[in-house]
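Taken in order, these protein sequences are the chains called A and B.
Start counting the first sequence at 1; every next residue gets the next number (our numbering).
Start counting the second sequence at 1; every next residue gets the next number (our numbering).
Since the hints were made in silico from the structure, they are not lab data.
Remember, predicted model here, so these are calculated numbers, not experimental data.
Any given hint could turn out to be false.
Any copy will do: because identical chains look the same in the list, a pair fits if it lies in one copy or spans two.
With a straight-line cut-off of 35 Å between C-alpha atoms, the simulated DSBU-like cross-links for lysine-lysine are [stated by the list, open to error]:
# : residue 1 : residue 2
1 : K29       : K2
2 : K29       : K3
3 : K53       : K29
Listed here are the chains, written in short residue letters.
Number of protein chains: 2
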Amino acid sequence: MKKATFYHAGCPVCVNAEQELLNLVDTSKVNLEVVHLGEHANRIPGAEDAGVKSVPALVLDNGSVLHINHGATMAQVKG
Amino acid sequence: MKKATFYHAGCPVCVNAEQELLNLVDTSKVNLEVVHLGEHANRIPGAEDAGVKSVPALVLDNGSVLHINHGATMAQVKG
Numbered sequence: 001m002k003k004a005t006f007y008h009a010g011c012p013v014c015v016n017a018e019q020e021l022l023n024l025v026d027t028s029k030v031n032l033e034v035v036h037l038g039e040h041a042n043r044i045p046g047a048e049d050a051g052v053k054s055v056p057a058l059v060l061d062n063g064s065v066l067h068i069n070h071g072a073t074m075a076q077v078k079g
Numbered sequence: 001m002k003k004a005t006f007y008h009a010g011c012p013v014c015v016n017a018e019q020e021l022l023n024l025v026d027t028s029k030v031n032l033e034v035v036h037l038g039e040h041a042n043r044i045p046g047a048e049d050a051g052v053k054s055v056p057a058l059v060l061d062n063g064s065v066l067h068i069n070h071g072a073t074m075a076q077v078k079g
């Protein structure tokens, strides 16, 4: 079982896009942990140690850190 | 079947991280197309129309564009 950790901070616009990404993941092969750093600030040092520079970010069990920027449209921002 | 398109340009350091991301995807639920824009420049206008501002990026079938930055370590760059 692979392990991946998705760190985010609850940005409302980004949550939908993040959910879409998470929906793509094969949870039969990947143990995916989702960590809301705004609610669990005690996890911030571990995220920093893993190399997280911004959120949202996906940390893989081989040490790779994928920083994700969601290019929200103005229409999405206007909701 | 969901559809997702992964655009990249063959950055050697990023390819490994991208492959890791792609390995996470549940291909039984997602039709994932990988497009190398360096080799298929005719796909660039479509990527731009979809909202791709940088590569690598993952475009989802609901219109969301996730721009992915891989924070490569200097050790990885030194390879």
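Status of the hints after comparison with the structure:
no. : hint        : result
1   : K29 <-> K2  : both (6 Å within a copy, 19 Å between copies)
2   : K29 <-> K3  : both (9 Å within a copy, 20 Å between copies)
3   : K53 <-> K29 : both (27 Å within a copy, 31 Å between copies)
Of the numbered hints stated above, none is contradicted by the structure.
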